[in-house]
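J.: Based on the provided sequences and hints, a complete structural model is requested.
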Amino acid sequence: MLTVNARKKLAAFQWRGELELNFGVTALFGPSGAGKTSLVNMIAGLMAPDEGEITIGETCVFSSARGVNLPPERRSVGVVFQDGRLFPHLSARGNLTYGRRRGALAPPGLNEVVERLELGPLLERRPRTLSGGEQQRVAIGRALLTGPEALLLDEPLAGLDRARRDEVLKMLAGLGRDGRQALLYVTHRMEEVLRLADCLALIERGAIKAVGTPQELLGKPELQSLTGRRSAGALLLCRMERANDGDGLSRLSCGAGHSLLLPRLDAANGDNVVLQVGADDVTLALEPPQRSSALNVMRGVVERVLEEDETFSNVVVDVGQQALWARVTRRSMRELKLAPGRPVYATIKAASLFS
Amino acid sequence: MTPVAEIAALSLKVSLWAVACSLPPGIACAWVLARCRFPGKILLDGLVHLPLVTPPVVVGYLLLTVLGRNGALGGWLYETFGVSLTFNWKGAAVAAAVMAFPLMVRAIRLGIESVDRRLETAARTLGATPVRSLFTVTLPLAAPGLITGALLAFARCLGEFGATITFVSNVPGQTRTLPLAIYTLLQTPEGETAAAWLAGLSLALAVLALGASELAARAARKRLG
Numbered sequence: 001m002l003t004v005n006a007r008k009k010l011a012a013f014q015w016r017g018e019l020e021l022n023f024g025v026t027a028l029f030g031p032s033g034a035g036k037t038s039l040v041n042m043i044a045g046l047m048a049p050d051e052g053e054i055t056i057g058e059t060c061v062f063s064s065a066r067g068v069n070l071p072p073e074r075r076s077v078g079v080v081f082q083d084g085r086l087f088p089h090l091s092a093r094g095n096l097t098y099g100r101r102r103g104a105l106a107p108p109g110l111n112e113v114v115e116r117l118e119l120g121p122l123l124e125r126r127p128r129t130l131s132g133g134e135q136q137r138v139a140i141g142r143a144l145l146t147g148p149e150a151l152l153l154d155e156p157l158a159g160l161d162r163a164r165r166d167e168v169l170k171m172l173a174g175l176g177r178d179g180r181q182a183l184l185y186v187t188h189r190m191e192e193v194l195r196l197a198d199c200l201a202l203i204e205r206g207a208i209k210a211v212g213t214p215q216e217l218l219g220k221p222e223l224q225s226l227t228g229r230r231s232a233g234a235l236l237l238c239r240m241e242r243a244n245d246g247d248g249l250s251r252l253s254c255g256a257g258h259s260l261l262l263p264r265l266d267a268a269n270g271d272n273v274v275l276q277v278g279a280d281d282v283t284l285a286l287e288p289p290q291r292s293s294a295l296n297v298m299r300g301v302v303e304r305v306l307e308e309d310e311t312f313s314n315v316v317v318d319v320g321q322q323a324l325w326a327r328v329t330r331r332s333m334r335e336l337k338l339a340p341g342r343p344v345y346a347t348i349k350a351a352s353l354f355s
Numbered sequence: 356m357t358p359v360a361e362i363a364a365l366s367l368k369v370s371l372w373a374v375a376c377s378l379p380p381g382i383a384c385a386w387v388l389a390r391c392r393f394p395g396k397i398l399l400d401g402l403v404h405l406p407l408v409t410p411p412v413v414v415g416y417l418l419l420t421v422l423g424r425n426g427a428l429g430g431w432l433y434e435t436f437g438v439s440l441t442f443n444w445k446g447a448a449v450a451a452a453v454m455a456f457p458l459m460v461r462a463i464r465l466g467i468e469s470v471d472r473r474l475e476t477a478a479r480t481l482g483a484t485p486v487r488s489l490f491t492v493t494l495p496l497a498a499p500g501l502i503t504g505a506l507l508a509f510a511r512c513l514g515e516f517g518a519t520i521t522f523v524s525n526v527p528g529q530t531r532t533l534p535l536a537i538y539t540l541l542q543t544p545e546g547e548t549a550a551a552w553l554a555g556l557s558l559a560l561a562v563l564a565l566g567a568s569e570l571a572a573r574a575a576r577k578r579l580g
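Residue numbers (our numbering), protein chains in the order written: chain A, 1 to 355; chain B, 356 to 580.
Rather than coming from a laboratory, the hints here were simulated on the basis of the structure.
This structure is a prediction, so every number in the text was calculated from the model and none was measured.
Please note that the accuracy of each hint is not assured.
Said to hold, decoys possible - Label pairs and their calculated CB-CB ranges: (1) 241(A) x 578(B): 54 to 64 Å; (2) 485(B) x 123(A): 20 to 30 Å; (3) 485(B) x 174(A): 57 to 67 Å; (4) 574(B) x 71(A): 52 to 62 Å; (5) 376(B) x 174(A): 52 to 62 Å; (6) 110(A) x 485(B): 24 to 34 Å; (7) 569(B) x 170(A): 25 to 35 Å; (8) 574(B) x 3(A): 43 to 53 Å; (9) 578(B) x 264(A): 28 to 38 Å.
Ideal placement from N, C-alpha and C gives every residue a C-beta, glycine not left out.
T.: Okay, here's the thing in structure tokens:
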């Protein structure tokens with residue numbers, strides 16, 4: 001549990017924001033220079049806010065009103081930096097055991113962490129002989145071994161290639177599920193958000209603009225400028241029903257009795273997959289399309305309409321437990337009389353597997 | 356004339372003590388100069404470097420005024436601890452230490468400045484106090500600078516002359532180190548051959564110290580990656 005409510009004058013802008021982190025992974029997403037690292041630094045005690053309050057677990061670590069400002073070594077927080085920052089003069093083992101426990105949480109045992117992060121063969125090696133992914137795994141283990149109540153990961157995968165990112169992501173996902181500490185994961189990669197985060201906080205120019213589940217926030221067209229054009233559209237949580245349904249198609253179920261047929265996806269039967277359905281790939285109709293080439297039609301109800309500009313509107317369609325997002329012209333809106341509450345049939349032309 | 360071995364031993368003793376005793380304040384000074392920002396820092400910097408630019412005789416004279424039996428600090432030292440620095444090897448060590456101090460601080464400061472501060476930050480987030488971070492991260496990583504600083508200072512101490520002869524005079528067996536012995540021999544008729552031997556010895560020791568410094572610093576750098 002971690003709460004932040006702080007203001008800080010930075011070179012480019014004023015940082016201000018409130019954030020409450022519970023157990024599990026919260027992703028802090030925003031462009032470079034949005035103040036993500038500043039937030040990490042304020043929580044870790046490496047930078048003091050001008051005013052506000054920061055609480056980690058039960059401990060108030062900063063309060064301008066009460067004049068509290070604990071130094072970093074007395075805050076129960078672990079930090080994994082983008083550049084790892086392993087101590088070059090110590091072996092991996094020396095790095096892992098460097099930390100000191102603070103706070104209420106009993107740290108995990110060295111063996112447990114070594115096993116979980118698969119560090120066994122690396123223990124006696126020096127950081128400079130480790131690959132980037134291995135270094136970050138040691139850095140994560142080192143932070144975990146102090147038993148922090150909040151673990152802050154500041155773009156820990158930024159310097160890694162794709163294979164190394166996957167290797168570390170897999171382990172981080174396991175940590176998140178464990179849920180012993182609040183995890184704040186800073187990134188500007190939506191893919192990492194979708195793989196890890198239970199909660200998403202969008203940050204821009206030092207302000208937290210929205211907090212919610214990734215599905216919720218990515219389904220909001222008005223947040224598109226924050227979540228990025230690439231992620232424009234809805235995310236559907238699906239289950240792979242039949243990876244090979246014949247004709248090179250896969251069959252997925254996405255709740256409320258809907259199923260989708262898509263070109264073969266790389267997942268096994270029973271796997272949970274996240275599909276990204278772009279707003280431009282969804283068309284709306286008032287009646288089920290007759291004799292159409294479209295395979296995927298879902299019945300739903302218009303939930304919200306958001307005007308994008310003079311030509312386009314974004315329509316959020318509730319299709320049972322999940323929502324789709326369709327970008328349609330305002331002329332079509334008028335002709336179909338699309339408004340909240342109106343039943344529609346959504347045709348999905350394409351969807352891609354996210355992550 | 357004292358045998359060569361005895362002179363060399365005295366020189367080594369004086370230099371070793373000088374380096375050993377000035378190392379802790381040298382590290383502290385270097386750390387403050389490398390890592391702290393405060394008003395008057397330029398003054399401290401100047402003060403540390405003063406012996407480098409002042410005539411050694413003047414430094415010796417100042418030491419005599421301050422640390423001599425009648426000096427403010429010297430008198431107190433004698434009355435409180437019974438320690439006298441005048442005309443003995445301890446005074447010679449003090450004179451050597453003061454003269455070598457700027458060289459030592461410079462090298463250590465460079466070593467500390469070369470340590471990535473982000474590693475110190477990382478240590479703090481792992482629960483290390485500033486002191487623990489200094490001893491477990493900064494100083495081990497500044498080892499090449501520490502070694503260079505200590506050995507440079509050692510070589511400088513071996514060669515110290517002006518401040519020593521002014522402060523503690525030229526007492527055989529007490530303050531007559533290699534340079535003073537060479538000077539004395541050159542003042543005596545037929546002392547030239549012996550002086551040449553001692554000069555050779557001085558040269559050898561200096562080269563040895565510099566070589567050792569380079570090798571040790573290189574080894575330390577290699578170990579740190």
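J.: Now tell me, hint by hint, if it's right for this structure.
T.: We went through each hint and held it up to the structure:
The supplied range of 54 to 64 Å is met by residue 241(A) and residue 578(B), whose beta-carbon atoms lie about 58 Å from each other. At about 28 Å, the CB distance of residue 485(B) to residue 123(A) agrees with the hint of 20 to 30 Å. Checking the proposed 57 to 67 Å range against residue 485(B) and residue 174(A) shows it is violated: the Cβ atoms sit about 34 Å from each other. In this structure, residue 574(B) and residue 71(A) break the distance hint of 52 to 62 Å, their C-beta atoms being roughly 35 Å apart.
For the hinted restraint 52 to 62 Å between residue 376(B) and residue 174(A), the CB-CB distance of approximately 54 Å keeps it satisfied. Against the hinted window of 24 to 34 Å, the Cβ-Cβ separation of residue 110(A) and residue 485(B) comes to about 26 Å, which satisfies the hint. Between residue 569(B) and residue 170(A) the CB atoms are about 47 Å apart, so this pair departs from the stated range of 25 to 35 Å. At about 50 Å, the CB distance of residue 574(B) to residue 3(A) agrees with the hint of 43 to 53 Å.
Taking 28 to 38 Å as the suggested C-beta distance range, the pair residue 578(B) and residue 264(A) does not conform, at roughly 54 Å.
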